[in-house]
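Protein chains: 2
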Amino acid sequence: MKQYLLAPGPTPVPPAVLLAMAQPMIHHRTPEYEALFADVRRDLRLLFQCKNEVLMFAASGTGAMEGAVVNTLSPGDRVIVVRGGKFGERWADICQAYGLHVFPVDIPYGKSVDPAAVAGALERAPASKAVFATHSETSTGAVHDIQALAGIVRRTEALLVVDAITSLGVMDLPMDAWGVDVAVSGSQKALMLPPGLSFAALSDRAWERVPLARLPRFYFDFVRERKAIAGNQSAYTPAVSLVVGLRETLRLILTEGLPGVFARHDRLARAARAGVQALGLTLFAEHPGAACTAVTAPPGIDGGAVVKGMRKRGITIAGGQGSMKGKMFRISHMGYVDPFDVVTALGALEMVLADLGYPVSFGAGVGAAQRVLQA
Amino acid sequence: MKQYLLAPGPTPVPPAVLLAMAQPMIHHRTPEYEALFADVRRDLRLLFQCKNEVLMFAASGTGAMEGAVVNTLSPGDRVIVVRGGKFGERWADICQAYGLHVFPVDIPYGKSVDPAAVAGALERAPASKAVFATHSETSTGAVHDIQALAGIVRRTEALLVVDAITSLGVMDLPMDAWGVDVAVSGSQKALMLPPGLSFAALSDRAWERVPLARLPRFYFDFVRERKAIAGNQSAYTPAVSLVVGLRETLRLILTEGLPGVFARHDRLARAARAGVQALGLTLFAEHPGAACTAVTAPPGIDGGAVVKGMRKRGITIAGGQGSMKGKMFRISHMGYVDPFDVVTALGALEMVLADLGYPVSFGAGVGAAQRVLQA
Chain D
1 MKQYLLAPGP TPVPPAVLLA MAQPMIHHRT PEYEALFADV RRDLRLLFQC KNEVLMFAAS
61 GTGAMEGAVV NTLSPGDRVI VVRGGKFGER WADICQAYGL HVFPVDIPYG KSVDPAAVAG
121 ALERAPASKA VFATHSETST GAVHDIQALA GIVRRTEALL VVDAITSLGV MDLPMDAWGV
181 DVAVSGSQKA LMLPPGLSFA ALSDRAWERV PLARLPRFYF DFVRERKAIA GNQSAYTPAV
241 SLVVGLRETL RLILTEGLPG VFARHDRLAR AARAGVQALG LTLFAEHPGA ACTAVTAPPG
301 IDGGAVVKGM RKRGITIAGG QGSMKGKMFR ISHMGYVDPF DVVTALGALE MVLADLGYPV
361 SFGAGVGAAQ RVLQA
Chain P
1 MKQYLLAPGP TPVPPAVLLA MAQPMIHHRT PEYEALFADV RRDLRLLFQC KNEVLMFAAS
61 GTGAMEGAVV NTLSPGDRVI VVRGGKFGER WADICQAYGL HVFPVDIPYG KSVDPAAVAG
121 ALERAPASKA VFATHSETST GAVHDIQALA GIVRRTEALL VVDAITSLGV MDLPMDAWGV
181 DVAVSGSQKA LMLPPGLSFA ALSDRAWERV PLARLPRFYF DFVRERKAIA GNQSAYTPAV
241 SLVVGLRETL RLILTEGLPG VFARHDRLAR AARAGVQALG LTLFAEHPGA ACTAVTAPPG
301 IDGGAVVKGM RKRGITIAGG QGSMKGKMFR ISHMGYVDPF DVVTALGALE MVLADLGYPV
361 SFGAGVGAAQ RVLQA
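If you're matching them up, the sequences are chains D and P in order. Residue 315 in my numbering sits at position 315 of the first sequence, with consecutive numbering throughout. Residue 173 in my numbering sits at position 173 of the second sequence, with consecutive numbering throughout.
Pulled out of the complex, with its shape left as it was, chain D reads as follows (with noise of 0.2 Å):
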């Protein structure tokens, strides 16, 4: 049967840079590595809208996001938290584990934190280190305001450490233009490539930290890493296949140039939105992103049914995740997707619903996508 991957990663890798991948194993120490590395270094800056480098390791996105949380902070230090779904309980798990002292802003799934919340945490928890949030969070749709988050911790001690895994080259994330400090992500969404790179980019002021950090690390070491770099290599063996990709993904990327990226996932989520508003569905997120369209799953209907519906016509979505399991299914268009990946996501989604018995008026939802694809 045929395949269509539209879960919010691992995404759709161009074919093109399938067969870039399969070309003969290279060695990493040699001049043709160090050529290629010099260019996703630059284009890497340029996705991240950085003037710092920007770190790279082998291992999936959460390797980043214990690097931020071990290369900035020091044990006992107190950190705020952001969770409003399992990406930002990830954080804290990850300060947990390492004997941070966490104050939580806890936002009920689908919400986005407002930033005066951000701001009386800030209040309440004086001589905090750093504030960690999601800039996508993939388990719910939602997106939260970096953009202020960052106008209020800028004015603190502390900094802003971001998951950008399903942001980064989906929704503008201007990280020195806003003030970001630490962001990170993962090859596997906007990317456009296999799991198994993760990035972390880091400010002047992140940067400054790193020395001061007495949390314990070794394989996620920002300062061997950044020096490595600096020589076009990698501390350790890097995933040398997953870079050659990286190298055609960045360049896919900024040939179509930043703000048309946006746009594109702007529109295509607007006409997902659209489609499944159409068939009488509620949206998950009260502010949904461009990653993906997470959906209420109507009474009575398992939002598990649609996902295994739906891979019965050979279409791969994703379910919620832990306690939101069973109450919403989560429809990607995120990297390598294109507007008919959005008409056969609701066209498919039209027929599975019927199935399970739910009232559904066949094309309403993709013609409710095509008119926002047409205008």
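FYI, nobody ran anything at the bench for these hints, they're computed from the structure. Yeah, the Cβ is synthetic: ideal placement off N, Cα and C, and Gly gets one too. One or more hints might be untrue.
[As the list claims (entries may be wrong)] List of simulated lysine-lysine pairs, BS3-like, C-alpha gap at most 25 Å:
hint: 1; chain 1: P; residue 1: 325; chain 2: P; residue 2: 111
hint: 2; chain 1: D; residue 1: 86; chain 2: D; residue 2: 51
hint: 3; chain 1: D; residue 1: 86; chain 2: D; residue 2: 327
hint: 4; chain 1: D; residue 1: 86; chain 2: P; residue 2: 227
hint: 5; chain 1: P; residue 1: 86; chain 2: P; residue 2: 111
hint: 6; chain 1: P; residue 1: 308; chain 2: P; residue 2: 325
hint: 7; chain 1: D; residue 1: 227; chain 2: P; residue 2: 325
hint: 8; chain 1: P; residue 1: 86; chain 2: D; residue 2: 227
hint: 9; chain 1: D; residue 1: 327; chain 2: D; residue 2: 308
hint: 10; chain 1: D; residue 1: 325; chain 2: P; residue 2: 308
hint: 11; chain 1: D; residue 1: 111; chain 2: D; residue 2: 325
hint: 12; chain 1: D; residue 1: 86; chain 2: D; residue 2: 227
[Unchecked claim] Simulated restraints, written as ranges between beta carbons of each label pair:
hint: 13; chain 1: P; residue 1: 357; chain 2: D; residue 2: 30; range: 22 to 32 Å
hint: 14; chain 1: D; residue 1: 354; chain 2: P; residue 2: 24; range: 20 to 30 Å
hint: 15; chain 1: P; residue 1: 19; chain 2: D; residue 2: 32; range: 30 to 40 Å
hint: 16; chain 1: P; residue 1: 254; chain 2: D; residue 2: 51; range: 44 to 54 Å
hint: 17; chain 1: P; residue 1: 174; chain 2: D; residue 2: 34; range: 34 to 44 Å
hint: 18; chain 1: P; residue 1: 325; chain 2: D; residue 2: 116; range: 56 to 66 Å
hint: 19; chain 1: P; residue 1: 76; chain 2: D; residue 2: 230; range: 31 to 41 Å
Since the structure of chain D is already known, use the hints to place chain P on it.
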């Protein structure tokens, strides 16, 4: 120019495996991935020759090394580290980064550890919690007698933790039978894959220590990973494309059979050694392993110049690392390598040495290797 990759990692990837990895991306939270990973789990246990689950991480081999440290030890623990090259030193560096009390057993580069020295260290540092060793010290080409070390360490409370990164699938390491407590490895060596996967297998004795270990960890948390693996999943997004390739390379290895794989590597190593010795060159390692042949640069010739000369002819080998830089060069015969790769390496080496003014009788090295390979 036609390229030959004969460095000790990354090693060549079989073309069929490259193409398997170039298939469209699949999602990991699906029955398809779970069926794939069930095969991988089973085959990894056969490869590691252990009954317990083999843990897999999206990381290079150093990641699993760090995991072995942080999941078995607590701050201030005494550990004994065998250091006879760059990778033995890495164990010590990781242990020191995590505040362990390191008792080194230092041996000159190129030598293998005398098991009695480890027994002596265990007496001088009683209550040591672990002994860290390297099966195949890739930086010197030396093999260490892990079976003998296991016999000694097993009589104490210490765990024996072994870097098997360039020995797994190259030389026999029956970890359960010998009593090795932790073995770690990586994908880009005898497993014939791109870098980006690392592995760790633990004995029952090692698993008993994990709940007592108080070093902080998150990404490399072994308990969380073991729990996920039981459901054919991973705690965090796995390096899906590499896992797809891993199923293929494990099949290749197990179809050939471990005894056949070890015999092949041994034969290629003997041929390479015979070849360089027939050229009047000296082996760097006193007890060379079957992963790579480290050759001492002859007087007046820089090892780096040999590496560069080989590269100009399309052949990637490795030079010396750290203080061994310039003093040696290393030819790998690990993984997807056959007799004619050894012939190629020696043929090119003869021509490069002649370029550098070293007296060479063309065909002398190749011929000596052929005699081993023909036997």
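Hints, one by one, checked against the model:
1. Proposed proximity of residue 325/P and residue 111/P is supported: the alpha carbons are some 17 Å apart, at most 25 Å.
2. Annotation: proposed proximity of residue 86/D to residue 51/D is violated, straight-line Cα distance about 30 Å (limit 25 Å).
3. Proposed proximity of residue 86/D and residue 327/D is supported: the alpha carbons are some 14 Å apart, at most 25 Å.
4. For the proposed pair residue 86/D and residue 227/P, the alpha carbon gap of about 18 Å is at most 25 Å, so the pair holds.
5. In summary, the hint linking residue 86/P to residue 111/P is supported, as the alpha carbons are separated by about 13 Å, within the 25 Å threshold.
6. A threshold of 25 Å between alpha carbons decides the hint, and for residue 308/P with residue 325/P the separation of about 13 Å falls inside it, so the pair holds.
7. For the hint linking residue 227/D to residue 325/P, the alpha-carbon distance of about 19 Å falls within 25 Å, and the restraint holds.
8. Of the supplied pair hints, the one linking residue 86/P and residue 227/D holds, its CA atoms being roughly 18 Å apart against a limit of 25 Å.
9. For the suggested pair residue 327/D and residue 308/D, the alpha carbons sit about 14 Å apart, so the restraint of at most 25 Å is met.
10. Distance restraint check for residue 325/D and residue 308/P: the Cα-Cα separation of roughly 57 Å exceeds the 25 Å cut-off, and the hinted pair is therefore not satisfied.
11. The suggested pairing of residue 111/D with residue 325/D holds, with an alpha-carbon distance near 17 Å, which does not exceed 25 Å.
12. Using a Cα cut-off of 25 Å, the hinted pair residue 86/D and residue 227/D is violated, with the two alpha carbons roughly 33 Å apart.
13. Look at residue 357/P against residue 30/D: about 25 Å separates their beta carbons, and that is inside 22 to 32 Å.
14. Residue 354/D and residue 24/P have their C-beta atoms about 28 Å apart, which keeps the hinted 20 to 30 Å range intact.
15. Checked against the hint of 30 to 40 Å, the C-beta distance between residue 19/P and residue 32/D comes to roughly 22 Å, which is inconsistent with it.
16. At about 50 Å, the beta-carbon gap between residue 254/P and residue 51/D stays in the expected band of 44 to 54 Å.
17. Distance hint check: the CB atoms of residue 174/P and residue 34/D are about 40 Å apart, consistent with the given range 34 to 44 Å.
18. For residue 325/P paired with residue 116/D, a C-beta distance near 57 Å keeps the hint of 56 to 66 Å intact.
19. Between residue 76/P and residue 230/D the CB atoms are about 34 Å apart, so this pair conforms to the stated range of 31 to 41 Å.
Taken one by one, the earlier hints fail for this structure at numbers 2, 10, 12, 15, listed in ascending order.
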